[in-house]
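**Student:** Residue numbers (numbering that gives the first Met the number 0), protein chains in the order written: chain Y, 0 to 279; chain R, 0 to 280.
It is possible that part of the hints are untrue.
As the list claims (entries may be wrong) - Residues from chain R that face chain Y, not an exhaustive set, calculated with beta carbons under 10 angstroms:
#1 Val10
#2 Gly30
#3 Thr42
#4 Leu100
#5 Ile114
#6 Asn121
#7 Ser129
#8 Met158
#9 Ile166
#10 Pro170
#11 Met174
#12 Ala176
#13 Ala177
#14 Lys254
To be verified - From chain Y, some residues computed to sit far from chain R (all C-beta separations above 12 angstroms):
#15 Lys12
#16 Asn33
#17 Ser165
Claimed, not checked - Below, a list of computed lysine-lysine pairs in the PhoX-like style, where the Cα atoms sit at most 20 angstroms apart:
#18 R/Lys244 - R/Lys37
#19 Y/Lys2 - Y/Lys12
#20 Y/Lys104 - Y/Lys194
#21 Y/Lys107 - Y/Lys194
#22 Y/Lys62 - Y/Lys107
#23 R/Lys140 - R/Lys71
#24 Y/Lys6 - Y/Lys104
#25 Y/Lys102 - Y/Lys164
#26 R/Lys37 - Y/Lys4
#27 R/Lys96 - Y/Lys266
#28 R/Lys5 - Y/Lys164
#29 Y/Lys270 - Y/Lys194
#30 R/Lys96 - Y/Lys12
#31 Y/Lys104 - R/Lys140
#32 R/Lys71 - Y/Lys107
#33 R/Lys5 - Y/Lys102
#34 R/Lys96 - Y/Lys2
#35 Y/Lys6 - R/Lys244
#36 R/Lys71 - R/Lys213
No lab work stands behind these hints, which were simulated from the structure alone. Please read these numbers as outputs of a predicted model, since none were measured by experiment. We put the beta carbon where it would ideally sit given N, CA and C, even for glycine.
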Amino acid sequence: MTKTKQKGLRALKFLFLLLLAILFLVPILLVFMNSFKSKFYIIGSPFSLPNSETFAGIENYIKGLSSSGFFAAFGRSVFITVFSVLLIVVCTAMTAWFIVRVKGKFTKLLYYLFVFSMIVPFQMVMFTMTYIVNAISFNNPIGIVFVYLGFGAGLSVFMLTGFIKSVPLEIEEAATIDGCNPLQTFFLVVFPILKPTAITVAILNAMWIWNDYLLPYLILGTGQKTVPVAIQIAMQGAYGSVDWGGFMAMLVLAIIPIIVFYISCQKYIIKGVVAGAVKG
Amino acid sequence: MHKNLKRYFPVFALPTCAAFAMAFLIPFVMGIYLSFTKFTTVTNAQWVGVQNYITAFTADNNFINALWFTVKFTVVSVISVNVIAFFLAMLLTRPMKGTNLFRSVFFMPNLIGGIVLGYIWNLLINGILSYYGVDITYSAKYGFWGLVVMMNWQLIGYMMVIYIAGIQNIPGDLMEAASIDGAGPVKTLFKITIPMVMPSITICTFLTLTNSFKLFDQNLALTAGAPGRQTQMLALDIYNTFYGKIGWQGVGQAKAVVFFIIVAVIAFLQLYLTGKKEVEQ
Chain Y
0 MTKTKQKGLR
10 ALKFLFLLLL
20 AILFLVPILL
30 VFMNSFKSKF
40 YIIGSPFSLP
50 NSETFAGIEN
60 YIKGLSSSGF
70 FAAFGRSVFI
80 TVFSVLLIVV
90 CTAMTAWFIV
100 RVKGKFTKLL
110 YYLFVFSMIV
120 PFQMVMFTMT
130 YIVNAISFNN
140 PIGIVFVYLG
150 FGAGLSVFML
160 TGFIKSVPLE
170 IEEAATIDGC
180 NPLQTFFLVV
190 FPILKPTAIT
200 VAILNAMWIW
210 NDYLLPYLIL
220 GTGQKTVPVA
230 IQIAMQGAYG
240 SVDWGGFMAM
250 LVLAIIPIIV
260 FYISCQKYII
270 KGVVAGAVKG
Chain R
0 MHKNLKRYFP
10 VFALPTCAAF
20 AMAFLIPFVM
30 GIYLSFTKFT
40 TVTNAQWVGV
50 QNYITAFTAD
60 NNFINALWFT
70 VKFTVVSVIS
80 VNVIAFFLAM
90 LLTRPMKGTN
100 LFRSVFFMPN
110 LIGGIVLGYI
120 WNLLINGILS
130 YYGVDITYSA
140 KYGFWGLVVM
150 MNWQLIGYMM
160 VIYIAGIQNI
170 PGDLMEAASI
180 DGAGPVKTLF
190 KITIPMVMPS
200 ITICTFLTLT
210 NSFKLFDQNL
220 ALTAGAPGRQ
230 TQMLALDIYN
240 TFYGKIGWQG
250 VGQAKAVVFF
260 IIVAVIAFLQ
270 LYLTGKKEVE
280 Q
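Just chain Y, with the same shape it has in the complex (with noise of 0.2 angstroms):
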């Protein structure tokens, strides 16, 4: 009587498991399912399957997104992602061996002043940050990669410094008796030993940068657009003529890149995530 009892209640808390899942996956679906349907057809009735009248292939596809200047968005976001997460971790890996290891009260307040960058809300700097860049003429694709560096240094020498605390002195001594200088003592010998976290600050760094929209529209304006700021501009800048069917297309493309990565690395991605919130 009790297992079947038992059994009955395990069912019962699969289906409503799948049944919240199902939930969870319905707007995604929903925006996915609108992509293939006649622009027409899809502000007014968002739920109503695509059928032979209001089914237009990939035309949105194509149509909605030459015209947007969406793909050059797109290449632009991969580039400045890319670019900046290297960037991040091979120069705060460094900062952090520095400041582990030169003990003073120079590193002493670098680190804090790190630790601090992590609480303060980026509204609080926007203005004059947007001033600076502008001043020294950084406000391009390349220079936003030193922006990011700046704002990724917080939270990842925050990280990096934690992790190479546990790194045992005698490894880097021997590489110095060999006669390694501290350049190469760094990227032969400590490099390779901080891979685990170096991989945790990559992934967050690229999620936060891939989709972040106020720094990049700021820096570069409307005139050199990344994925979100294409998004909104492509919403905001159009007054009540919002090509919806490029609209769908957009967000599946923004979205596609996200999930291709979140399969192909889960593992890293929730260990990386949930490894940033406990030290966060």
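Given chain Y, put chain R in place with the hints provided.
**Tutor:** Then chain R, alone, in the frame of chain Y:
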């Protein structure tokens, strides 16, 4: 050891420090100074004392309204996200068919960016409301609950994963001892599970609190503050003060300083209060 490492400062730390100074440190110091001045382009700043702070609170109700809206939103979000995420974590801790798939599905929305997220829910909510002949900008109530539902969708999976890790860390013999002593499921939950996962609760509360309080992208994409400015949260109000009215940059900067102070106080208070309830293991 590493006696000559200090000399390598330009190689190891200078690039990061320079970028950090440009993006954060100098703008932060300038921001504090400019909040006491009237300016339009930074270079033409004139000292006005605390006038900007007074104007921020008294010239109109925008800032106070945004603050109140943000607080309400944050309270409702923190409670709903954490309760649901904890409940789901309890359901998904023991291995069963499909556990991993469920976890993956619940976690996924967290990776989608705020702007995209806002427009996905804009489509969904407006689609539902269109059956009643209205849309999300019809009433501030719709905007509020729309934001709450969206926030739950985004954060539940993330918090769930942290709770699962916390629950799995509870030693099995503790649970066993409780069941031998005759504790029922409810008693076990309140006397063992919850006290033992207090560190996770601290982290999750802290994360949802700051995430909700600093919300910007989702707010902009879902309602942009409409109707009127009724669903405008603090970050969006600061943005609109900076870039919406010429000559109000100083007021915007003053609001940003107030915003920063609130966020900092919450961060410290939260860690201090919940830190005390953690069980030593």
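**Student:** Taking 20 angstroms as the top limit, are the C-alpha atoms of lysine 107 of chain Y and lysine 194 of chain Y close enough?
**Tutor:** 24 angstroms, violated
**Student:** Is the shortest C-beta separation between glycine 30 of chain R and chain Y less than 10 angstroms?
**Tutor:** 5 angstroms, holds
**Student:** Holds or violated: is the Cβ of alanine 177 of chain R closer than 10 angstroms to a Cβ in chain Y?
**Tutor:** 19 angstroms, violated
**Student:** Hinted pair, alpha-carbon criterion (20 angstroms max): lysine 270 of chain Y, lysine 194 of chain Y. Please report holds or violated.
**Tutor:** OK: lysine 270 of chain Y and lysine 194 of chain Y at ~14 angstroms, within 20 angstroms.
**Student:** Please work out if lysine 6 of chain Y and lysine 104 of chain Y have their alpha carbons no farther apart than 20 angstroms.
**Tutor:** Distance of about 63 angstroms is beyond 20 angstroms: violated.
**Student:** Min Cβ distance, proline 170 of chain R to chain Y: is it shorter than 10 angstroms?
**Tutor:** The hint is violated - proline 170 of chain R has no Cβ within 10 angstroms of chain Y, the shortest such distance being about 19 angstroms.
**Student:** Does the claim that serine 165 of chain Y lies off the interface hold, with its Cβ farther than 12 angstroms from every Cβ of chain R?
**Tutor:** 17 angstroms, holds
**Student:** Has the given pair, lysine 96 of chain R with lysine 2 of chain Y, been kept, meaning a C-alpha gap of at most 20 angstroms?
**Tutor:** Measuring from Cα to Cα gives roughly 18 angstroms; hence the hint holds.
**Student:** Decide if the proposed pair is consistent with the structure: lysine 140 of chain R and lysine 71 of chain R, CA atoms, cutoff 20 angstroms inclusive.
**Tutor:** Within the cut-off at roughly 12 angstroms; holds.
**Student:** Should the hint that alanine 176 of chain R touches chain Y count as held when the rule is a Cβ pair under 10 angstroms?
**Tutor:** 22 angstroms, violated
**Student:** Quick one, are lysine 244 of chain R and lysine 37 of chain R close enough, alpha carbons at most 20 angstroms?
**Tutor:** 13 angstroms, holds
**Student:** Hint check: lysine 37 of chain R vs lysine 4 of chain Y, CA-CA at most 20 angstroms. Holds or violated?
**Tutor:** Cα-Cα ~71 angstroms, so violated.
Of the hints listed earlier, those the structure fails to meet are numbers 9, 10, 11, 12, 13, 15, 16, 20, 21, 22, 24, 26, 31, 32, 35, in rising order.
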